[in-house]
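Student: Chain by chain, the residues run as shown.
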Amino acid sequence: MNRFDPPFTAGVDVGSTQTKAVLLDAGAMIAGTAIIDTGFDVDAAARAVFGQLLTGIGLQADEVRMVAGTGYGRFRIEFGDLQVTEISCHARGAVHLFPDTRTVLDMGGQDTKAIRVAADGGVIDFSMNDKCAAGTGRFLSAAAAVLEMPLDELAAVAATASHPVTISTTCTVFAETEILAWVARGKAINDILLGAHQAIASRSLALLKRVGLQPAITFTGGVSRNSCMVAQLEQLLGSWVQVGEQTPFAGALGAALFARDRLMGLQQAAQP
Amino acid sequence: MTFPAVRAKIEATTLLKSWSERLDLLAQQQGTAAYAFVMGSCAELLAAFEIPLFLPEINCLQTAISGAAQGLLQHAEEQGYPSDICNYLKADVGMHLQGRQLPDKRLPAPCLAIATTACNTYIKWAEIWQRLYNMPLFVFDIPGTRNPAHPSQPGDPAFAADLAYMTEQVRNLISLCEQITGKRLDPDRLSHALDCTNRMGQTFRQMLALNQQEPACFDAVRQGGAYLGVFNAYRGSEAGVRYFSNALEELQQIRQRSLREPAVEAPFRLLFAGLPCYPLYSQFIRMFSTRGGLFVSSTYLQFASGGGCMGYQYDTARPVESFAEGLLLTTREAMDSMFLAGDRLFEAQAACRADGVVFHGVKSCRTVSTGLADARLALQSRSSIPTLLLESDMMDRRLISPAQMQNRIDAFFETLRLRRQGGAP
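As given, the protein sequences belong to chains A and B, one line each in that order.
Going by my numbering, the first sequence opens with residue 1, and the numbers climb by one from there.
Going by my numbering, the second sequence opens with residue 1, and the numbers climb by one from there.
Since the hints were derived computationally from the structure, they do not count as laboratory data.
For clarity, every value in this text was computed on a predicted model and none was experimentally measured.
Watch out, some of these pointers could steer you wrong.
[Said to hold, decoys possible] So the derived label-pair ranges between C-beta atoms look like this:
1. B:ALA373 to A:ALA184: 36 to 46 Å
2. A:ASP43 to B:ARG417: 19 to 29 Å
3. A:THR55 to B:THR367: 53 to 63 Å
Don't be surprised by glycine CBs; every beta carbon is placed ideally from N, CA and C.
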């Protein structure tokens, strides 16, 4: 069938914007990933992403021995065997991807979290944005909507800016007003977008400092795909930020690792 | 298995209801009461003059638990009180602007207000009453607060000066009470009230000490809140003495049962730092208890008892001087315990063998929230014990997001569980 060895375990991360899934094989190798937009039906999103994951690698559902759910919709995943918070999952996933990780910045659609982690992926401390989407992916979505641009083009456009504006507001809703005001004053779109990126990076830095920032820093979550955000963070931190193809899947990966732990524990317990 | 201290909780509810009913009756008869804060309430002195005591902070938290607070906050905001000030003050002002009428009771107008310099908001709050009712306001200037390096202590020359200053202030308050009531102070009555508080405090300390041991006997936020309510509302009374005597007896019985029938899985022993989340009081505690957590100790019991459980014993043979000394030491201790919590928290978590420390900041009190952040950093610099910082409010439901709160709590317990599995100390 493929080069991966059973038993398989999976993690499903139901986020506010996107739902991700990761499949692990017996050796904790990533056998497959899948991602879809969450939409309003959390159950359906979880089923759909899991189906996509299985189809991609040619497995049947019963070949996956343990599934862990994470993200805000984790308790709605009917086929899940256990639920773990996204805080623990991103920590675990980040350390699995980059073993020298000691601080994780997870930037998703509706929240941003800074997590200080131990070498084994355990959470030492964490801090999250509080009741406001400023400083999260939603902030960028709002900017994209106001400027009538596709979300995935923001980073490239922002990267061409030379005189970024200052977005001073701490509220996503008011930020839209502020962006419109800059447009009305004739500021270039790329300068406005770079200002928006800098505003988010600055808020993220404050969260990172709250947990006692220690290198190496790994950037996870959907916004870790945004190269401009990575650059802004690196500039503010004055250090390298670890990102990769799999970092948007770190939450689902961490969940899959917890599922694997559970499965191995049960197998050990069943041995005579 | 855990055995909740049910009897003391029920008795506390009954006593606090009775306290509210007496105030309601007083209001119906156009009577008045002294308004005072739990830190430096002067309950024993007021009892000696038979001046009824009203504690606005307790009334406010009761409105938060009952759900009545939101309307009071809204009413105060409609009059121009800002959204980001102390929500105890704001709910109380809202109540006064609505004629001191709550869904279940009326409250008497003040004949006197007593505040201390322990909290700046106390003074402003009392000044609002004074503006509304034109009654006397007495503000104790507590010397030596927030002086971590060299607080004056009994035996120091500086303490003698501080005590003389406090005693003079107490004598001035006595004169004011004599004017209000038309009666002279009866020193024997004051001695008796102080003796009652001594006995209540002794018993309360024994109860807190019991919880330092394993297994713990009560939840320091849930049952602790009930003990605290009675301690504040009934200090200086025989009813208070009886309550604490019964409560201790119940805890000793619970301890014996817990030793005979130990829990299958030991709870995670937690130290609580900050103020409770009164709008979601039971739900907040359940967020921890359903995950296997038990608050075995709480800094709130220290500062919200006005330092009453710190161990000060009044000398009933010289009641006025000793009352002044107790007021100085306990009020200063209560306030300092909140803001100089770094070393104290390290020692407290070790003493109660805590698995984790939960900080609950309240958004409408910048002083508490600032102090908690500082205390947490100080603790983390000395200990690797897991900590959780939550921020909501003690009054305003609009400032609380239960789903986000639960998510953070779940992550905290995942960390605790992993540490336990890994054999963390």
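Student: Please go over all the hints and tell whether each is borne out by the structure.
Tutor: To see whether the hints hold, each was checked on the structure:
| no. | hint | verdict |
| --- | --- | --- |
| 1 | B:ALA373 to A:ALA184: 36 to 46 Å | 39 Å, holds |
| 2 | A:ASP43 to B:ARG417: 19 to 29 Å | 27 Å, holds |
| 3 | A:THR55 to B:THR367: 53 to 63 Å | 57 Å, holds |
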